[in-house]
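A.B. asks: Just so you know, the sequences run in chain order A and B. Under our numbering, the first residue of the first sequence carries the number 1, and numbering increases by one thereafter. Under our numbering, the first residue of the second sequence carries the number 1, and numbering increases by one thereafter.
A couple of the hints might just be wrong.
For identical chains, the list gives no copy identity; a pair is met inside one copy or between any two copies.
As a list, the in silico DMTMM-like pairs of lysine to aspartate or glutamate whose alpha-carbon atoms are at most 20 Å apart [said to hold, decoys possible]:
1. Lys28 to Glu382
2. Lys187 to Asp98
3. Lys28 to Glu72
4. Lys28 to Glu64
5. Lys28 to Asp161
6. Lys100 to Asp25
7. Lys28 to Asp98
What the hints contain is simulated information worked out from the structure, not anything from laboratory work.
2 protein chains.
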Amino acid sequence: MRITEIREVAGPLAGAISNAVVSFDQHKVSLVAIFTDVVRDGRPLVGVAFNSIGRHSQGGILRERMIPRILEADPDSLLSPETGLLDPARVLACALTDEKPGGHGDRAAAASAIELACWDLLAKYGDEPAYATIARAHGREPVSGGVPVYAAGGYYRDGDDLGLLRAEIGDFLDAGYSAVKIKIGGKTLAEDMLRIEAAIDVAGSGRHLAVDANGRFDRAQALAYAEAMASYGLRWYEEPVDPLDYALHRDLGEMYPGVLATGENLFSRQDVENMLRFGGLRPDRDILQMDAGLSYGLTEYVKMIALMEEHGFDRTAAMPHGGHLLNLHIVVGLGLGGCEAYPGVFQPFGGYSPDCAIGEGTVSPAEHPGFGLEAKDNLAAEISRLVA
Amino acid sequence: MRITEIREVAGPLAGAISNAVVSFDQHKVSLVAIFTDVVRDGRPLVGVAFNSIGRHSQGGILRERMIPRILEADPDSLLSPETGLLDPARVLACALTDEKPGGHGDRAAAASAIELACWDLLAKYGDEPAYATIARAHGREPVSGGVPVYAAGGYYRDGDDLGLLRAEIGDFLDAGYSAVKIKIGGKTLAEDMLRIEAAIDVAGSGRHLAVDANGRFDRAQALAYAEAMASYGLRWYEEPVDPLDYALHRDLGEMYPGVLATGENLFSRQDVENMLRFGGLRPDRDILQMDAGLSYGLTEYVKMIALMEEHGFDRTAAMPHGGHLLNLHIVVGLGLGGCEAYPGVFQPFGGYSPDCAIGEGTVSPAEHPGFGLEAKDNLAAEISRLVA
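Isolated chain A, as found in the complex (with noise of 0.2 Å):
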């Protein structure tokens, strides 16, 4: 198996929402495409995969150093000596030739996108669902079926905030989710307990609703909501404070009695250590939403469950931040906790094919090759223009 060319294409998101922090309606993606001259059905044999959301499309890191130092390396030292074919592992360490040490911001997308595809490209080879490689590459028996997901959005809206807001969530409910997320910290404190209220309503209780600051507030900001929150019993408080603030995520921790959740904003497994070691965050309750799409891919994000274990997590306590399909078949392979979902945004990345069964709460992959990302149908044009 030879890898013969790589090529990247940025495409936005549509949807032009905000959360707290950012706008997205200039975000984009990194699709990825990984050549080789394995043919199928008279073709060569494609990987594709892309960054996930919400750190923005890398093509000058994917074509300037990343893509140039694989096609440019012994094509041998990409193979796994046991199986003969791609070794995500050590095409990423080929990628990150020459890399400094620390610094894990947009070079970690970059590098996940290509680390991906090398994945899907390894389940189309073996023609199996991405989940069934990935279980297997881990030494686990693959496994299908439902993991739990819950729908994100909840973003503020001009106009009637409440009533879309309630309309929202009931819509989510129809479509066969039974756990939601909203946004906070873009208004006062009181006017989103009036949302977070309304969205309790909706949602039947606090269990059913996790708030998502994006990372946004400072210290007193942090603990006045946590205070003002406690009593809801929420499923969990996400991304608090800066994510790199370990010590106020601690303090955090000592005083709000419910669940916090972060990590989509810790690429690499030394951050998610510091986390661990510094940020006081609770085995028997926290919640780590690390993203193999922005932090080097698979082969660094199962050292980071592998961490968790170390400090007394259960795999199920990771819940990846970016619902779409190549995270599902992560969490379905490695057995972790639940997926995330942006049902009618982010497209055409973000969200699931119309196959996968969603309902009482759960997601299940369907059976196509890879990650079956040409299930998806906006997503299929997108990859039939590439691979083209």
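Following the hints, complete the assembly by docking chain B onto the known chain A.
C.D. replies: Just chain B now, with coordinates in the frame of chain A:
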């Protein structure tokens, strides 16, 4: 004052050298020019800077994200209400519009080039060297004169490595440097100790010699080197381990009596805060090497210096990574501990202009307007092509 155009070009670094982790022969640096509607001598006033060395050019992030944001902003929103001139902090904030928190990597270097070009522009507008503008903007009296400088070299070379190392250090001393830094970690501990002893022999004593592991050691290696080097009384032991492994830095500080130096791969004030909180650095001896050219520019760097002072460090404990004119003016302007120099390598971005006096272990800025990049012949040629 209005920005009319921002240009970027990626320039290679001459000198194929390698440290314990990376080879620099594929590294490039982004040179950025900010054009304004201010006319001087019949030409638009232009501010020029580059991102510092070691983390690659950033054309993708600059062209796809940051430059369009600045050019599309309300021009008045980029000005200081007090001076009516461009405000580097406002330009930086605009460049970071819709960027999520955390993930301080390539983005931080990209932003640096723009932010520092603003300082070059402001200094040229005032027809004074950048150190004077920087000093005054931070409530300090501009004082010229020499600051400590050391020569960083001692890379591994084929052939008579020890002989070449001795000759190199001899040349540094002849050129007016009194302190030098060499690489460690690329050979065995025993071989590295021979390099260190040879270097001490030429340099005169351990206090004239720093050693740099570029973050490559694991715990066992870092501790073994610390033990082996403890009696040398070295100037410092730099980046022994992963730059984000705060716990291991703390453990090293507890057993190594000498000076530790780190920080060149900390790119945000939050990362620096974590190092200061959890890394066990000792205010009475250790050195912090953050580099404004890699970490969102001077706006963020002065916040890092303030954090150091809050944690009991003197600002002379700040000795930036990155031996070039940008950091020389920052060190002089802010009264920091000194500069690095890379004689003969990392050209044309590394090093100082011929009229920056080097002698008796110090380097002094010349009095050209701005950072004086145009006074460095090889860099002036690059700038002319970009600005023409």
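A.B. asks: Taking the hints in turn, state whether each one holds.
C.D. replies: Quick rundown of the hints versus the structure:
1. Lys28 to Glu382: Within. Shortest intra-copy distance 13 Å satisfies the 20 Å Cα cut-off; inter-copy 32 Å does not.
2. Lys187 to Asp98: For Lys187 and Asp98, only the inter-copy Cα distance (18 Å) is at most 20 Å; the intra-copy one is 45 Å.
3. Lys28 to Glu72: between (28 Å within a copy, 18 Å between copies)
4. Lys28 to Glu64: both (18 Å within a copy, 10 Å between copies)
5. Lys28 to Asp161: neither (27 Å within a copy, 48 Å between copies)
6. Lys100 to Asp25: The answer is between: 14 Å across copies meets 20 Å, while 32 Å in one copy does not.
7. Lys28 to Asp98: Cα proximity of Lys28 and Asp98: across copies only (12 Å, versus 27 Å in one copy).
Violated hint: 5 only; the structure is consistent with all others.
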